[in-house]
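**Q** So the chains spell out like this:
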Amino acid sequence: MSTARASETRAAWLFISPWVLGFLVFTLYPLIYTGYLSLTDYDVINDPSFVGLDNYHQLVQDPKVRLALTNTFIFAVLSVPTQLVLSFLLALLLNRAGRASGFFRTAFFLPKMTPAVAIGVLLLLLFNGQNGLVNTFLGWFGINGPAWTTDPNWIKPGLVMMSLWTVGASVVILLAALRSVPQELYDASRIDGAGFWRQTRHITIPMVSSAIFFIVIIDTIAAFQSFTEAYTAYFGSGNSTYSNDAALFYAIYLFQQAFRFLHMGYASAMSMLLFVIIMAVTAIQIRVSRGSVYYESEQA
Amino acid sequence: MTSTDTPAPRVPTLAVAPAAPVEEPRGRPPAPARPKLARIVIWALLAVLTVAFVYPFVWLVSASFKPRSEVFDNKLIPDHFTFDNYLSIWHEAPMGLWLMNSVFVTVLATVTVTISSACVAWGFAHFRFKGRDALFGVVLATMMIPGAVTMIPVYLIWDSLGMTGTLTPLWAGNLFGSAFYIFLLRQFFLGLPRELFEAAKLDGANNWQMFTKIALPLTKPALVVTALFEFQASWTDLMKPLIYLRDSDTFTVPRGLKTLLDQFGFGGEWHWELIVTASVITTLPMIVIFFLGQRQFIDGIATTGNKG
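Line by line, the protein sequences give chains L and Z. Quick note: the first sequence uses our numbering, first residue 1, plus one each step. Quick note: the second sequence uses our numbering, first residue 1, plus one each step.
I should point out that these hints are in silico values taken from the structure, not numbers from a laboratory. Mixed in with the good hints, there may be bad ones.
[Claimed, not checked] Only part of the chain Z face toward chain L is listed, based on derived beta-carbon distances under 7 Å:
#1 74
#2 150
#3 152
#4 302
[Unchecked claim] Computed cross-link-like contacts, SDA-like style, restricted to lysine to any residue with a CA-CA straight-line distance of at most 20 Å:
#5 36(Z) with 107(L)
#6 130(Z) with 64(L)
#7 213(Z) with 11(L)
#8 36(Z) with 52(Z)
#9 201(Z) with 7(L)
#10 130(Z) with 246(L)
#11 201(Z) with 99(L)
#12 75(Z) with 246(L)
#13 213(Z) with 232(Z)
#14 75(Z) with 50(Z)
#15 64(L) with 246(L)
Glycine residues also receive a C-beta, built at the ideal position from the N, C-alpha and C atoms.
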């Protein structure tokens, strides 16, 4: 018996060994090393030199860090709720679309397949102030659209609007959740005289709250790390030097500090701060959601 | 059973009946008051929204067939249809090389992560060993760690191995599996009936045979989902190519597209027709893959929200 146990353990570790190795080398060690690097000056060429908390002191005073943080917060606060509302509405409609829902679902999901670089390009083209499709469309209704891609006040709203194009995955997740709500709940409430809105408020939303919560968490983490679309559209790589402060997200500034200016120590301190912020925001969201999120498995 | 095991039965339902139409079973409410009218309104709304979601593609593709002066005219059918952009992009940039690099990286990344994640997931699903649940908790926890936190040391590791500037860092990390896929595949493995493996054991099958001959074939839908997810992630990635690649000859298509944008969009040359064409070339392979694996892809996404 005990030898069988031992051989089973041996086999198990053999199977999981790729992950164990990868975890040690590519997650645990980097986590610790980032912490260490954040206390040093390091330019890759010379050895890291210990500077204590200097990087963190600098971080607090760096106006660009403040700007990048503000930009990122604004983007998250604007994009996460709008994405959620839009995907919920789309899922509600799809849930009622009957046989055609498969077709529409595919159409909504399609943009999710677009490489983020191409989305950055599309952003520049579609939201172009003079002849972009969005302003042309607004023009039909007599609205004089703003210069989305050049006016600092409109760059973030433009990025948020563009981010709505890729809600497809959330729509699919919410639709699956909607489909798993027991029909009897609706039947019973209809007998009680509840209309569509009351059903949505008192049955649908509570019943899919775990999916909503999942999407909010995932989208928030993604928003705090958003990089590619804004970087593609508003920042140059290689010899191009164009940049736009209104689109300077935290991840972009971090990337520049690390791989453009080779301030690896400073960038490490920045990534530690990002880590703390994301953990804190996630913890707050979990806290706030407690009691208002319904999990089917808890009922069993 | 631990709490992480609870959602297990849900996922395998897909594995058993991947072809079953998802629309049918529930969700269609029994005849509301005015079913026809309501449905027409809903379809009309959905149709309008569909246009909003699909039109940017149509616009992009049509713009790629326009001469430079007409790129921004917002017409669906080009006044002067031209194939020149597709020809000149090949002269202006090593487009073929970029495509080959992308295919190379994406295929290797996909194959390695699928195999390694399946191995690890099987290790966690099939065997009982001390510390298993705690260790799996660590797997789940790593999903929460933002990539930015480990980015710099991981770069330094590849740098010390002399791998920066090559395509290796773009895929080789996948040899060690990926937490999300390990989680996903483990769910499927847990759904397989244990009796199957007990019978195989009596027939003298060893662990490796049980894994490759029984478990893997039965989890094919989940393996396809994993492969599709990774293909998408790998094909569309810009961050890693920005960090690791230097020479134009080693670029992947997203990295190449960014370079073209810097050169022809903001470099003062204003060749938007080339940028538009390169965007189509970057996007199209992904769209093709999507339509090939559409069902698995969408069902796979649908299950990821059910982590509960």
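**Q** Next, verify each hint and record whether it holds.
**A** So, going through the hints one by one against the coordinates:
1. 74: holds (5 Å)
2. 150: holds (4 Å)
3. 152: Holds: closest Cβ of chain L sits about 6 Å from residue 152(Z), inside 7 Å.
4. 302: holds (4 Å)
5. 36(Z) with 107(L): violated (23 Å)
6. 130(Z) with 64(L): violated (49 Å)
7. 213(Z) with 11(L): Holds. Residue 213(Z) to residue 11(L) sits at ~17 Å (cutoff 20 Å).
8. 36(Z) with 52(Z): This hinted pair is violated, its Cα atoms lying about 25 Å apart.
9. 201(Z) with 7(L): Holds - the C-alpha atoms of residue 7(L) and residue 201(Z) are around 14 Å apart, at most 20 Å.
10. 130(Z) with 246(L): At roughly 52 Å apart (the allowed maximum being 20 Å), residue 246(L) and residue 130(Z) break the hint.
11. 201(Z) with 99(L): This hinted pair is violated, its Cα atoms lying about 45 Å apart.
12. 75(Z) with 246(L): violated (31 Å)
13. 213(Z) with 232(Z): Outside the cut-off at roughly 28 Å; violated.
14. 75(Z) with 50(Z): Cα-Cα ~19 Å, so holds.
15. 64(L) with 246(L): holds (11 Å)
In the structure shown, a violation is registered for the earlier hints numbered 5, 6, 8, 10, 11, 12, 13, in ascending order.
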